[in-house]
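Based on the provided sequences and hints, a complete structural model is requested.
Protein chains in written order, with our numbering: chain A, 351 to 614; chain B, 351 to 614.
There is no bait here: all hints are sound.
Cut-off 27 angstroms, straight-line C-alpha distance, at most; resulting in silico cross-link-like pairs (DSS-like, lysine-lysine):
| no. | chain 1 | residue 1 | chain 2 | residue 2 |
| --- | --- | --- | --- | --- |
| 1 | A | LYS569 | B | LYS452 |
| 2 | B | LYS452 | A | LYS526 |
| 3 | A | LYS401 | A | LYS387 |
| 4 | A | LYS462 | B | LYS526 |
| 5 | B | LYS452 | B | LYS419 |
| 6 | B | LYS526 | A | LYS456 |
| 7 | A | LYS604 | B | LYS452 |
| 8 | A | LYS537 | B | LYS526 |
| 9 | B | LYS456 | A | LYS569 |
| 10 | A | LYS352 | A | LYS395 |
| 11 | B | LYS604 | A | LYS452 |
| 12 | A | LYS462 | B | LYS569 |
| 13 | B | LYS401 | B | LYS607 |
| 14 | B | LYS607 | B | LYS569 |
| 15 | A | LYS452 | B | LYS526 |
| 16 | A | LYS452 | B | LYS607 |
| 17 | A | LYS452 | B | LYS569 |
| 18 | B | LYS452 | A | LYS352 |
| 19 | A | LYS526 | B | LYS526 |
| 20 | A | LYS607 | A | LYS401 |
| 21 | A | LYS607 | B | LYS452 |
| 22 | B | LYS387 | B | LYS361 |
| 23 | A | LYS456 | B | LYS569 |
| 24 | B | LYS456 | A | LYS526 |
| 25 | B | LYS537 | A | LYS526 |
| 26 | B | LYS352 | A | LYS452 |
| 27 | A | LYS526 | B | LYS462 |
| 28 | B | LYS537 | B | LYS569 |
| 29 | B | LYS462 | A | LYS569 |
| 30 | A | LYS394 | A | LYS362 |
| 31 | A | LYS394 | A | LYS352 |
A partial selection of chain B residues facing chain A, derived with a Cβ cut-off under 7 angstroms:
| no. | residue |
| --- | --- |
| 32 | LYS452 |
| 33 | PRO486 |
| 34 | MET487 |
| 35 | ALA489 |
| 36 | ASN496 |
| 37 | TRP523 |
Everything labelled a hint here was simulated from the structure, so no lab data went into it. A virtual CB, placed ideally from N, CA and C, is assigned to each residue, including glycine.
There are 2 protein chains.
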Amino acid sequence: MKLSLNTATVKKQWTLAQAIDGCARHGIRGISPWRDKLAEMGLKKAVAAIKANDLTVTGLCRGGFFTAKDWLDDNRRAIEEAHELEADCLVLVVGGLPEGSKDLIKARERIKESISIILPEARAAGVPLAIEPLHPMQAAERACINTLEQALDVCDALGEGIGVAVDVYHVWWDPKLEEQIRRAGRKRILGYHICDWLVPTRDLLNDRGMMGDGIIDLKRLRSWVESAGYAGFHEVEIFSELDWWQRDADEVLKVCKDRFATVT
Amino acid sequence: MKLSLNTATVKKQWTLAQAIDGCARHGIRGISPWRDKLAEMGLKKAVAAIKANDLTVTGLCRGGFFTAKDWLDDNRRAIEEAHELEADCLVLVVGGLPEGSKDLIKARERIKESISIILPEARAAGVPLAIEPLHPMQAAERACINTLEQALDVCDALGEGIGVAVDVYHVWWDPKLEEQIRRAGRKRILGYHICDWLVPTRDLLNDRGMMGDGIIDLKRLRSWVESAGYAGFHEVEIFSELDWWQRDADEVLKVCKDRFATVT
Numbered sequence: 351m352k353l354s355l356n357t358a359t360v361k362k363q364w365t366l367a368q369a370i371d372g373c374a375r376h377g378i379r380g381i382s383p384w385r386d387k388l389a390e391m392g393l394k395k396a397v398a399a400i401k402a403n404d405l406t407v408t409g410l411c412r413g414g415f416f417t418a419k420d421w422l423d424d425n426r427r428a429i430e431e432a433h434e435l436e437a438d439c440l441v442l443v444v445g446g447l448p449e450g451s452k453d454l455i456k457a458r459e460r461i462k463e464s465i466s467i468i469l470p471e472a473r474a475a476g477v478p479l480a481i482e483p484l485h486p487m488q489a490a491e492r493a494c495i496n497t498l499e500q501a502l503d504v505c506d507a508l509g510e511g512i513g514v515a516v517d518v519y520h521v522w523w524d525p526k527l528e529e530q531i532r533r534a535g536r537k538r539i540l541g542y543h544i545c546d547w548l549v550p551t552r553d554l555l556n557d558r559g560m561m562g563d564g565i566i567d568l569k570r571l572r573s574w575v576e577s578a579g580y581a582g583f584h585e586v587e588i589f590s591e592l593d594w595w596q597r598d599a600d601e602v603l604k605v606c607k608d609r610f611a612t613v614t
Numbered sequence: 351m352k353l354s355l356n357t358a359t360v361k362k363q364w365t366l367a368q369a370i371d372g373c374a375r376h377g378i379r380g381i382s383p384w385r386d387k388l389a390e391m392g393l394k395k396a397v398a399a400i401k402a403n404d405l406t407v408t409g410l411c412r413g414g415f416f417t418a419k420d421w422l423d424d425n426r427r428a429i430e431e432a433h434e435l436e437a438d439c440l441v442l443v444v445g446g447l448p449e450g451s452k453d454l455i456k457a458r459e460r461i462k463e464s465i466s467i468i469l470p471e472a473r474a475a476g477v478p479l480a481i482e483p484l485h486p487m488q489a490a491e492r493a494c495i496n497t498l499e500q501a502l503d504v505c506d507a508l509g510e511g512i513g514v515a516v517d518v519y520h521v522w523w524d525p526k527l528e529e530q531i532r533r534a535g536r537k538r539i540l541g542y543h544i545c546d547w548l549v550p551t552r553d554l555l556n557d558r559g560m561m562g563d564g565i566i567d568l569k570r571l572r573s574w575v576e577s578a579g580y581a582g583f584h585e586v587e588i589f590s591e592l593d594w595w596q597r598d599a600d601e602v603l604k605v606c607k608d609r610f611a612t613v614t
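Structure below.
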């Protein structure tokens, strides 16, 4: 079963130690931790617990945020952590507009430059970098790489050791999605994240749906990434203030497994 | 002064008759009415009042919604109304996914077919059709044409008498925006709508900002549409449940004029 749990899905309920135990208990073989939870648990302990349970780390969330003051040190630490965890990739949420700026073109140029600075270090550490294009509604605040095409243009400019994380929530609407997934191919698709788009959506960040509860054609998108050669894990990542973060985490994991088997 | 008032900006405060008077009083020379307000006032009365005040109708909002049962009749009526108003264009908000469907590809095909059915009638009536690509966050519910590139591909497939309405709110984030505005050129840009993107944005539909209150680089976008040859009106369209719909409408118009002169 190629299901992975992005720990943000149960971030209000569980520590990373609990999430690792939970995955093992529910037979979920992949995990993708967030770095705040990792810091809380301690890297060594986390590595040991993940190894003891034989989990695959499908990604580390997250590097990027190149708008932050300490972005270089922070990304270096993230690469080191991803290396220690033997993560499939370090996910980059690249950051939006710098404080007080409206210059999206310059912001995007700076992001490309910043990635080019950390990429050699990531390569040396054996950590693939995965640019995650975020939904255009998050362009100002979280990431101004907003389409797969744009992310792949950056990858092509930078060469080896870099690819994309395809999150259905961010890309489902894109008229060029199938074409760009094909373009990305096995080489560039480093992660595949699933959840659903709710109608209505009540919040721009924390109102994602469980697979099957929204309008994303998950089977079709899966067929596209698999046709492109992707054979890795399917990582559930649900930010849900009003629903899934309020539920018992064991119930959440059960529903994730069930929906993964039936609607994706 | 090439400023136009989209009546949605004061829809909670004013009838169409009041909006026409308001424009005249404030020296705003363009107006873009919504059809519910037009029906309320009556087409003949509206035409007479608009002519008496020598206002340009920069667009009629809206045709489209090809997912509705009565879409064909409704669009025919909209074309007739736009003709009577001598509107610069009929704005098409094309509709999202049909009820119960997740098939975005089919929805988009159906939209293209539907436009091709009404286009000859619009041409005969001398009414240019303006596809308005909506922000991807509105793809499921309101319009699954979501980028300028996608809209222009539809225009190119359908030929003469059709173009786009460029609304900064919907397109500001697009990495291909400058390129696609250039591609559109004078021929295809039938309308230019302005407002701003607020940080944070609290609602996916009704939390637009007044020009200058958000992060859109309005001067740059304006330079792009003007460089492409657009010389028409700049239409203010602000849906704002929590702010501008709560204010005195005369104050709203004053601020629109002031911001148009200073920040766009």
